[in-house]
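Please build the complete structure, drawing on both the sequences and the hints.
Chains G and B, in that order, give the protein sequences. Numbering-wise (the working numbering), the first sequence opens with residue 57 and increments by one. Numbering-wise (the working numbering), the second sequence opens with residue 24 and increments by one.
Among the hints, erroneous ones may be present.
Sample of chain G residues at the chain B side, in silico, Cβ under 7 Å [as the list claims (entries may be wrong)]:
1. ARG734
2. ASN735
3. GLY738
4. SER743
5. TYR746
6. MET749
These are computed hints drawn from the structure, not numbers from a lab. We put the beta carbon where it would ideally sit given N, CA and C, even for glycine.
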Amino acid sequence: MTQKKKPAAQPKIRTPASSSRRTRQANGNKVTAAKPAKVIGTNQVTLQQEVLFQVLRALSGQLDADRVVQSAVETIVRLTSYPHVCIALPDKSETHWVVCAAAGILAAEMGATYPVHQGIIGRVFQTGQVQWARDILLDPDYVRDVHTTEAPALRSEFVAPIRSGEILLGALNVESDRVDAFSESDTRMIQSVADIISLGLESARLYHEAQQEIAERRLAEQGLLESETSYRGLFNSVTEGIFIQNQQGRFQDVNPGALRMYGYSREFFIGKLPANLGAPGKNNKAMYERAFQKALGGEPQQFEFWGLRSNGEIFPQEILLSKGIYFGQDIVIALAHDITERKQVEETLRQNERKYRNLFNNSEVGMFRTRLDGSEILDFNEKYLEILGFTYDEIKGRPSVDLWANKLERDRMVQLLKDQGHVTDFEFVLLTKQGEQRTCITSSHLYPDQGILEGSIQDITERKQTQTLQKAVYQIASAAETTRSLDELYPQIHQIISSVMPAENFYITLYDEAENLLRFPYFMDAADQPFVDGLQPGKGLTAYVLRMGKSLLCTQAVHDELERQGEVKLLGVASAIWLGVPLIVEGKTIGVMVVQHYTDPNAYGEREQHMLEYVSTQVAIAIDRKRAEQKVKEYSERLEEMVEERTRELRQAQEKLLVQEKLAVLGQLAGGVGHELRNPLGVINTSIYYLKMVQPDASEKIRQHLAMIEHEVQNADKIISDLLDFARVISSDRQPVSVGEIVKHTLERFPLPETVKGTMDIPGDLPLVLADPRQLEQVMGNLTVNACQSMPQGGQLTISAIKIKEQVAITVKDTGSGITPENLLKIFEPLFTTKVKGIGLGLPVSKKLVEANGGRIEVNSQVGLGSTFTVYLPVQDK
Amino acid sequence: MLASLSVLIVDDNASMASALADVLDAKGHQVYIANSGAAALAILRDHLVHVLLTDVIMPDMNGVELYRATRQTHPGLVTIFMTAYAADDLIQQGLREGIKTVLTKPVDMDFLLYLLSATRSIIQSG
Chain G
57 MTQKKKPAAQ
67 PKIRTPASSS
77 RRTRQANGNK
87 VTAAKPAKVI
97 GTNQVTLQQE
107 VLFQVLRALS
117 GQLDADRVVQ
127 SAVETIVRLT
137 SYPHVCIALP
147 DKSETHWVVC
157 AAAGILAAEM
167 GATYPVHQGI
177 IGRVFQTGQV
187 QWARDILLDP
197 DYVRDVHTTE
207 APALRSEFVA
217 PIRSGEILLG
227 ALNVESDRVD
237 AFSESDTRMI
247 QSVADIISLG
257 LESARLYHEA
267 QQEIAERRLA
277 EQGLLESETS
287 YRGLFNSVTE
297 GIFIQNQQGR
307 FQDVNPGALR
317 MYGYSREFFI
327 GKLPANLGAP
337 GKNNKAMYER
347 AFQKALGGEP
357 QQFEFWGLRS
367 NGEIFPQEIL
377 LSKGIYFGQD
387 IVIALAHDIT
397 ERKQVEETLR
407 QNERKYRNLF
417 NNSEVGMFRT
427 RLDGSEILDF
437 NEKYLEILGF
447 TYDEIKGRPS
457 VDLWANKLER
467 DRMVQLLKDQ
477 GHVTDFEFVL
487 LTKQGEQRTC
497 ITSSHLYPDQ
507 GILEGSIQDI
517 TERKQTQTLQ
527 KAVYQIASAA
537 ETTRSLDELY
547 PQIHQIISSV
557 MPAENFYITL
567 YDEAENLLRF
577 PYFMDAADQP
587 FVDGLQPGKG
597 LTAYVLRMGK
607 SLLCTQAVHD
617 ELERQGEVKL
627 LGVASAIWLG
637 VPLIVEGKTI
647 GVMVVQHYTD
657 PNAYGEREQH
667 MLEYVSTQVA
677 IAIDRKRAEQ
687 KVKEYSERLE
697 EMVEERTREL
707 RQAQEKLLVQ
717 EKLAVLGQLA
727 GGVGHELRNP
737 LGVINTSIYY
747 LKMVQPDASE
757 KIRQHLAMIE
767 HEVQNADKII
777 SDLLDFARVI
787 SSDRQPVSVG
797 EIVKHTLERF
807 PLPETVKGTM
817 DIPGDLPLVL
827 ADPRQLEQVM
837 GNLTVNACQS
847 MPQGGQLTIS
857 AIKIKEQVAI
867 TVKDTGSGIT
877 PENLLKIFEP
887 LFTTKVKGIG
897 LGLPVSKKLV
907 EANGGRIEVN
917 SQVGLGSTFT
927 VYLPVQDK
Chain B
24 MLASLSVLIV
34 DDNASMASAL
44 ADVLDAKGHQ
54 VYIANSGAAA
64 LAILRDHLVH
74 VLLTDVIMPD
84 MNGVELYRAT
94 RQTHPGLVTI
104 FMTAYAADDL
114 IQQGLREGIK
124 TVLTKPVDMD
134 FLLYLLSATR
144 SIIQSG
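Dropping the structure here:
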């Protein structure tokens with residue numbers, strides 16, 4: 057076996073044809089339609105794995121180097137977006153490289169030969185390293201075609217060395233019509249393909265060598281038979297070990313090759329059995345003894361045998377047993393060939409294959425081969441089984457169409473495959489062994505000639521579910537933003553939950569800490585009614601969830617168990633399944649969100665529980681936030697009300713002040729005006745007095761008019777008095793007075809009209825009261841005049857007095873129109889009047905006067921029945 | 024027996040003064056009229072006056088000042104105030120300085136005539 061260091065290379069594989077007359081690099085100048093680079097997406101890894109796997113498949117079993125490189129190029133073109141590919145191998149002299157397989161524009165280069173240092177590919181042969189020209193025009197080694205001025209059709213180039221350990225076997229060259237067409241991951245993939253090609257080339261080389269060895273051995277055997285001398289010479293000169301065994305299997309002779317092989321002296325071997333040479337535990341003794349017997353019988357045998365060298369090293373040999381004659385004796389000749397190196401290569405090959413098989417098997421995506429018509433599943437990996445939930449035996453050979461929940465979906469995918477040869481991220485619903493529906497995506501290629509479909513499959517159920525949940529969470533958060541109140545928020549939450557799972561029966565419970573009650577602000581249920589007035593947290597399921605702060609998926613069994621433990625009791629209508637999750641904000645359970653189903657006990661499972669838990673945090677936050685918002689809103693509204701009320705009070709106080717101010721001004725005005733009016737009244741009064749005096753015999757008419765003038769002067773004077781009394785601070789000259797006297801004087805000053813019948817009821821033993829007689833008379837006058845005015849059609853006036861404890865109560869009672877309750881409150885207010893005439897000072901002044909005399913005044917009235925004013929005054933001696 | 028009294032009526036309101044004067048005159052009293060304090064004092068200098076019936080608030084000299092002006096010259100003069108104000112600081116002042124009677128306008132004429140006849144009796148007996 058010859059191994060040479062780089063840049064040394066393998067012998068030339070193929071004599072290049074002189075098809076290309078032009079001297080140029082591996083790039084053409086014919087413009088072909090550019091194929092777009094593959095979209096790098098989630099499936100990139102899958103696709104790359106697939107490419108590698110396919111190259112591996114294509115090369116396995118190929119024992120001819122020419123076919124190895126050709127298959128590799130074809131596979132790359134078929135599976136990647138790079139149609140311009142070639143493989144260059146060194147020629148026998150290792151001074152040139154030759155294009156041994158090519159496709160696309162590079163197909164024109166097939167067989168072309170270049171000096172080993174020339175071009176970008178040449179650099180690989182020189183350095184053994186990857187070469188990557190992102191733009192070949194900028195590459196110093198790019199050789200311009202001197203025959204044309206056209207721009208080259210290929211613009212970027214990636215060359216990977218094909219190597220086996222330290223040995224450079226060739227170069228894999230991939231080009232693109234676009235500048236900088238290769239992604240990092242694509243270049244890694246190309247390098248991996250180059251590694252696989254090296255395995256193929258190594259296999260081919262080993263095979264080739266083995267063929268040669270067999271030919272040599274045959275030659276040796278031939279010679280053995282031909283000449284004893286030549287046999288002896290050969291016996292001594294061959295590097296393989298030769299062992300002569302007698303009929304008992306004991307060694308009679310060994311050649312120097314055997315001595316070198318084992319490191320023992322010739323004497324050691326003689327008389328020993330093969331078992332003495334074998335590595336313990338590595339060989340099947342019965343097998344090779346049987347082989348020995350067969351060989352002795354004339355049937356040549358071949359098997360592997362592990363030897364143990366004198367230095368303790370173990371090594372594999374290929375043993376060839378054949379019958380011979382040695383010094384006239386039947387013997388068995390064992391020809392041993394050290395196959396350590398071959399074994400190593402085989403091991404490497406096996407490891408590589410295992411590695412890629414592992415890749416296939418341990419891939420995170422399911423991989424499969426099926427028939428296009430869906431009649432049979434041909435091949436698949438572990439992940440595929442995992443997704444489906446089947447075992448190997450259950451699925452192998454089964455119709456793949458059975459796995460589709462919706463056969464129409466498969467029809468659609470088949471149509472796409474027929475139209476375009478492949479599908480990418482095709483979404484469909486898959487049925488697992490357990491009958492569960494899973495959302496999956498598949499990417500696959502069709503091999504139309506074989507009617508076979510190859511591809512990958514990924515279960516995206518969780519991913520989709522997560523997306524749905526994330527969407528729901530987002531929707532809840534935005535509902536909290538957009539709704540104006542909690543009452544608007546709850547139905548929106550219900551709607552969002554419904555988009556995630558069946559939620560026909562749904563309610564939200566919130567815990568009212570202040571009242572220790574469960575409130576049901578939102579309750580949608582087909583069978584049950586909410587507790588309108590709230591519910592004491594007792595043994596219900598909702599209270600249980602609230603108490604535990606953990607969600608509960610309550611099946612009948614769970615319910616029975618909880619009931620047995622005394623944790624819960626049935627409230628309301630029993631559901632087939634009940635699922636409640638706590639609403640937790642900052643570690644505090646503020647309530648519970650519940651879905652339940654009355655007929656289907658499988659309506660909710662662990663999955664729904666997780667989903668509801670997932671969204672519950674956001675629901676809790678939304679409710680809590682809205683609640684806080686509402687509180688702030690209510691508070692601000694109450695604040696407004698308070699401000700309004702205060703404003704009203706202030707305004708009233710201000711109005712009162714204004715009235716008082718008005719009254720003060722009025723008082724001042726009245727003082728001045730009263731004075732000014734009293735003077736002319738005095739004149740009129742005096743003049744009338746004079747006229748009456750001097751004309752005692754005047755006509756009735758004249759006397760009548762004089763009386764009228766006199767009366768009106770009295771009225772005018774009374775108004776002025778009221779005004780002045782009201783305006784000034786009243787000081788009273790209190791002395792013991794007789795109520796009877798005062799009343800009598802009053803009636804004299806203000807005689808009753810004829811229509812009013814007066815009654816006086818004042819007991820003779822009534823004690824004197826302590827009062828200012830003029831002021832008391834003024835009060836009585838006011839009350840009397842008012843009483844008479846309330847009875848324009850006539851009526852009964854009763855003035856009575858009675859001692860009550862230390863007071864005398866004087867009542868003035870009429871049978872007039874009465875005072876409405878509304879007016880009753882105002883009659884003592886200044887300037888309030890129901891009379892056409894009068895300025896509304898009489899009662900206020902009376903009240904003021906009575907109070908100035910240490911008394912009080914009260915009124916009782918019934919509309920239509922009349923009014924009663926009562927003046928209380930203290931008696932003289934208490 | 025003194026049939027009548029000599030009464031000086033002082034009021035800046037001439038109508039008031041003459042209306043009063045007419046009533047008292049008709050009742051047989053000797054009546055003088057003055058429309059100011061100064062005029063009143065002039066009359067008092069030249070004539071015998073028993074009763075001074077004066078307004079309190081007047082432009083040149085008010086009733087209290089007029090009363091004070093007569094204290095030295097006419098210690099026996101009976102002075103009666105007439106006022107439109109029931110409670111005036113000037114009235115209070117006059118009451119403190121010896122005024123016995125204050126009538127509020129419009130003057131109760133019966134009461135005034137009664138006062139005068141009572142005064143006449145006192146003067147006669149005095």
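Taking the hints in turn, this is what the structure says about them:
Nearest Cβ of chain B to the Cβ of G:ARG734: about 4 Å, under the 7 Å cut. The hint holds. Checking G:ASN735 against chain B: minimum C-beta separation of about 6 Å stays under 7 Å; hint holds. Below 7 Å, beta-carbon pairs count as interface contacts, and G:GLY738 has one with chain B at about 4 Å; its hint therefore holds. Below 7 Å, beta-carbon pairs count as interface contacts, and G:SER743 has one with chain B at about 5 Å; its hint therefore holds.
Below 7 Å, beta-carbon pairs count as interface contacts, and G:TYR746 has one with chain B at about 5 Å; its hint therefore holds. Because the beta carbon of G:MET749 sits about 6 Å from the nearest beta carbon in chain B, less than 7 Å, this interface hint is met.
Taken one by one, the earlier hints all hold for this structure without exception.
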